[in-house]
Amino acid sequence: MMTASENAGVKPAKRWSVDLKTLGPALALLLLCIIGFLLNPAFVSEGNLANLLTRSAFIGIIAVGATFVITAGGIDLSVGSMAAAISGVMIIVMNNAVDTLGTGIPTVLFGCGLAILLGIGAGWINGALTTKGKIEAFIVTLGTMGIYRSLVTYFADGGTLSLNFDIRGTYRPVYYDSFLGLPIPVWVFIGVAICGWLLLNRTAFGRYCTAIGSNEAVAKYSAINVDRVKTLTYIIQGLCVSFATIIYVPRLGSASASTGVLWELEAIAAVIIGGTVLKGGYGRIGGTILGALILTTIGNILNFTDMISNYLNGTMQGLIIIVAVLLQRSDWKLTKSNKE
Amino acid sequence: MLVRKTLGALAVTGLLAFAGAAAAADKIKIGVSYPTPTHAWAAGMNWHAEQAEKRLEKLYPDVDLILVNSPDPGAQASALEDLVSVHQIDALVVLPFESEPLTDPVLNVKKSGAWITVVDRGLSQPGIEDLYVAGNNPELGRVSAQYMKGRLKDGDNIVVLRGIPTVIDNERFDAFMTEIEGSGINVLDHKHANWNRDDGFEVMQDFLSRFPDIDAVWAQDDDIAIGVVAALKQAGRDGNGMFVVGGAGMKEIIKGIMDGDELIPVDVLYPPAMIATAMDATVSAFKSNGPVAGRYILGATLITRENAESYYFPESPF
Numbered sequence: 001m002m003t004a005s006e007n008a009g010v011k012p013a014k015r016w017s018v019d020l021k022t023l024g025p026a027l028a029l030l031l032l033c034i035i036g037f038l039l040n041p042a043f044v045s046e047g048n049l050a051n052l053l054t055r056s057a058f059i060g061i062i063a064v065g066a067t068f069v070i071t072a073g074g075i076d077l078s079v080g081s082m083a084a085a086i087s088g089v090m091i092i093v094m095n096n097a098v099d100t101l102g103t104g105i106p107t108v109l110f111g112c113g114l115a116i117l118l119g120i121g122a123g124w125i126n127g128a129l130t131t132k133g134k135i136e137a138f139i140v141t142l143g144t145m146g147i148y149r150s151l152v153t154y155f156a157d158g159g160t161l162s163l164n165f166d167i168r169g170t171y172r173p174v175y176y177d178s179f180l181g182l183p184i185p186v187w188v189f190i191g192v193a194i195c196g197w198l199l200l201n202r203t204a205f206g207r208y209c210t211a212i213g214s215n216e217a218v219a220k221y222s223a224i225n226v227d228r229v230k231t232l233t234y235i236i237q238g239l240c241v242s243f244a245t246i247i248y249v250p251r252l253g254s255a256s257a258s259t260g261v262l263w264e265l266e267a268i269a270a271v272i273i274g275g276t277v278l279k280g281g282y283g284r285i286g287g288t289i290l291g292a293l294i295l296t297t298i299g300n301i302l303n304f305t306d307m308i309s310n311y312l313n314g315t316m317q318g319l320i321i322i323v324a325v326l327l328q329r330s331d332w333k334l335t336k337s338n339k340e
Numbered sequence: 001m002l003v004r005k006t007l008g009a010l011a012v013t014g015l016l017a018f019a020g021a022a023a024a025a026d027k028i029k030i031g032v033s034y035p036t037p038t039h040a041w042a043a044g045m046n047w048h049a050e051q052a053e054k055r056l057e058k059l060y061p062d063v064d065l066i067l068v069n070s071p072d073p074g075a076q077a078s079a080l081e082d083l084v085s086v087h088q089i090d091a092l093v094v095l096p097f098e099s100e101p102l103t104d105p106v107l108n109v110k111k112s113g114a115w116i117t118v119v120d121r122g123l124s125q126p127g128i129e130d131l132y133v134a135g136n137n138p139e140l141g142r143v144s145a146q147y148m149k150g151r152l153k154d155g156d157n158i159v160v161l162r163g164i165p166t167v168i169d170n171e172r173f174d175a176f177m178t179e180i181e182g183s184g185i186n187v188l189d190h191k192h193a194n195w196n197r198d199d200g201f202e203v204m205q206d207f208l209s210r211f212p213d214i215d216a217v218w219a220q221d222d223d224i225a226i227g228v229v230a231a232l233k234q235a236g237r238d239g240n241g242m243f244v245v246g247g248a249g250m251k252e253i254i255k256g257i258m259d260g261d262e263l264i265p266v267d268v269l270y271p272p273a274m275i276a277t278a279m280d281a282t283v284s285a286f287k288s289n290g291p292v293a294g295r296y297i298l299g300a301t302l303i304t305r306e307n308a309e310s311y312y313f314p315e316s317p318f
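Residue numbers (the numbering used here), protein chains in the order written: chain V, 1 to 340; chain G, 1 to 318.
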């Protein structure tokens with residue numbers, strides 16, 4: 001009874017606060033853009049915005065996958081290492097395929113296909129170990145994080161793997177070319193985001209993710225195949241990592257032990273800034289995308305000013321992340337007053 | 001039966017170990033401890049250490065070099081203990097992961113009576129090492145600035161991409177700024193690119209959006225320089241005599257210099273091969289008839305098209 005009356009009382013306020021919750025990340029991003037513009041009008045130049053969007057694509061695509069994992073109550077710490085390992089294997093395989101497939105599009109397609117298979121496989125391993133192996137997702141992915149990172153170091157002999165120069169020529173447009181005024185990686189980002197949004201908000205699978213994240217036991221009794229859905233979220237995550245890798249490799253044509261370092265934390269940060277709940281049960285793809293854009297914009301703005309000491313970049317990033325999340329919690333005052 | 005067998009096995013192993021120790025006793029044992037490669041420069045160092053081991057052991061059959069790499073300062077401290085207790089080394093060549101945490105472990109090795117050579121990163125307490133071998137960070141900054149001054153004129157603009165915020169980075173950067181002062185060259189801004197290609201690419205993209213007129217880039221490091229060049233080419237601003245100065249001596253960059261690359265015309269040496277120099281010097285502390293102890297600071301040589309070939313190691317991973 002108590003909860004029912006409380007809910008009734010909160011209702012009008014809740015609607016208002018939900019609006020603000022959705023708007024929070026958007027407002028934060030808008031604010032950042034205004035600051036950027038005030039610092040230097042070149043911030044809104046076409047070139048800079050294109051750079052910004054393209055850069056956001058890596059973290060953004062990975063974060064879309066992370067939204068599913070986190071919504072279903074899991075976590076994936078292995079994505080950065082996974083991206084590095086997949087890049088490494090792609091480069092080695094494509095370099096070796098030159099003799100048989102040449103340096104044209106077939107080799108690139110072969111490399112991309114392989115990346116997708118590897119991503120799905122790696123995601124499946126994380127998922128199966130979590131569900132069938134009954135190991136905490138944090139531990140499983142902490143383990144695979146170390147494995148993938150050391151694999152890329154081993155493949156590269158501690159150095160850097162470089163893509164064959166002629167293949168790089170064929171593959172380069174995937175990162176550097178534009179279609180209808182937008183760079184290709186941005187199109188991939190948009191595509192992944194739309195698919196992710198539809199999957200989470202318009203399918204039974206999306207509802208299952210949310211249900212499992214909010215209460216796994218109840219979901220199980222509701223005849224949801226919890227293990228399969230959870231494994232699928234990790235596979236989606238792996239697939240997203242593959243897509244990010246496919247557009248990452250043509251950028252510099254290389255992979256090393258320093259590739260993708262801390263991407264997992266950036267992806268998780270993007271998801272949380274976007275309003276998804278870290279302990280699961282509530283996910284927002286739109287917010288995740290804004291979160292990824294916010295993170296990249298912070299870095300970009302810091303490069304646009306020399307007012308803040310170089311050493312404090314991390315502090316500024318941390319502060320802005322925390323403020324962005326606080327903005328979403330702007331309903332806390334209302335809930336409090338309602339309780340009184 | 002079983003007990004007797006085990007005892008027998010133990011006795012045999014003990015005998016073998018004793019025989020091994022006796023055979024090895026007349027060998028000069030030198031432990032070489034350095035970090036496991038987490039970036040390309042360190043991978044180059046590993047490679048050069050292995051090359052030096054092969055070469056020196058062939059040259060001096062009575063010298064035994066024991067190479068150990070460790071993934072973190074704690075593991076390196078344990079590795080040093082093992083080198084003393086298990087291998088009973090006569091000398092140690094150590095490139096410390098970090099100065100502070102490894103000072104005491106190295107001091108303990110010193111107490112066992114071993115000769116100590118410290119490479120690259122110094123210890124936080126003076127007087128422990130017999131020999132110090134290092135690259136020259138301030139010189140790297142200075143030589144880069146001198147090259148800039150030679151190529152640019154009064155009023156030209158440059159940007160600086162720094163490494164990871166560390167003492168090494170500060171030494172390089174401060175020396176560069178001191179040398180460039182009063183030359184009339186404007187340093188528009190400096191940002192950390194963390195000795196990393198991706199960061200080099202992104203920071204340079206932002207510099208290009210922010211500053212319409214940049215004449216040259218000091219990237220401080222070859223990995224950063226590769227990212228910078230990709231950003232310059234993307235923005236189509238790689239013409240008009242624009243050039244980038246990196247540092248370290250990566251094989252791809254050296255190859256480019258040999259082939260007459262205009263965008264990266266020179267490099268400033270900070271060689272991963274310094275570990276080999278240190279191993280050579282340590283062996284000569286036992287083999288030479290001259291004094292070896294002291295400081296051995298390598299030059300930060302400017303690598304140009306003329307001398308590039310002598311710094312080119314195509315087999316090395318760096």
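In case anyone wonders, no lab produced these hints; they're calculated from the structure.
Here the structure is a predicted model, which is why all the values come from computation and not from measurement.
Positions of the beta carbon are idealized from the N, C-alpha and C atoms, including for glycine.
Please note that the accuracy of each hint is not assured.
[Said to hold, decoys possible] Residues from chain G that keep clear of chain V, each with C-beta distances beyond 12 Å, as calculated:
id, residue
1, Thr-36
2, Leu-56
3, Val-84
4, Lys-110
5, Ser-124
6, Lys-153
7, Asp-223
8, Val-229
[Stated by the list, open to error] According to the in silico footprint, chain G covers these stretches of chain V (three or more CB under 8 Å from chain G):
id, region
9, 35 to 46
10, 105 to 113
11, 235 to 246
12, 251 to 259
[What the hints assert, rightly or not] Sample of chain G residues at the chain V side, in silico, Cβ under 7 Å:
id, residue
13, Pro-101
14, Lys-191
15, His-192
16, Arg-197
17, Gln-205
18, Asp-206
19, Arg-210
20, Pro-314
21, Phe-318
Hint by hint, here is what the structure shows:
no., hint, verdict
1, Thr-36, "violated, 8 Å"
2, Leu-56, "holds, 22 Å"
3, Val-84, "holds, 27 Å"
4, Lys-110, "holds, 29 Å"
5, Ser-124, "holds, 21 Å"
6, Lys-153, "holds, 24 Å"
7, Asp-223, "violated, 8 Å"
8, Val-229, "violated, 10 Å"
9, 35 to 46, "holds (count 4)"
10, 105 to 113, "violated (count 0)"
11, 235 to 246, "violated (count 0)"
12, 251 to 259, "holds (count 7)"
13, Pro-101, "violated, 22 Å"
14, Lys-191, "holds, 6 Å"
15, His-192, "holds, 5 Å"
16, Arg-197, "holds, 5 Å"
17, Gln-205, "holds, 5 Å"
18, Asp-206, "holds, 4 Å"
19, Arg-210, "holds, 5 Å"
20, Pro-314, "violated, 12 Å"
21, Phe-318, "holds, 5 Å"
The structure fails hints 1, 7, 8, 10, 11, 13 and 20 (numbered hints given earlier, in ascending order).
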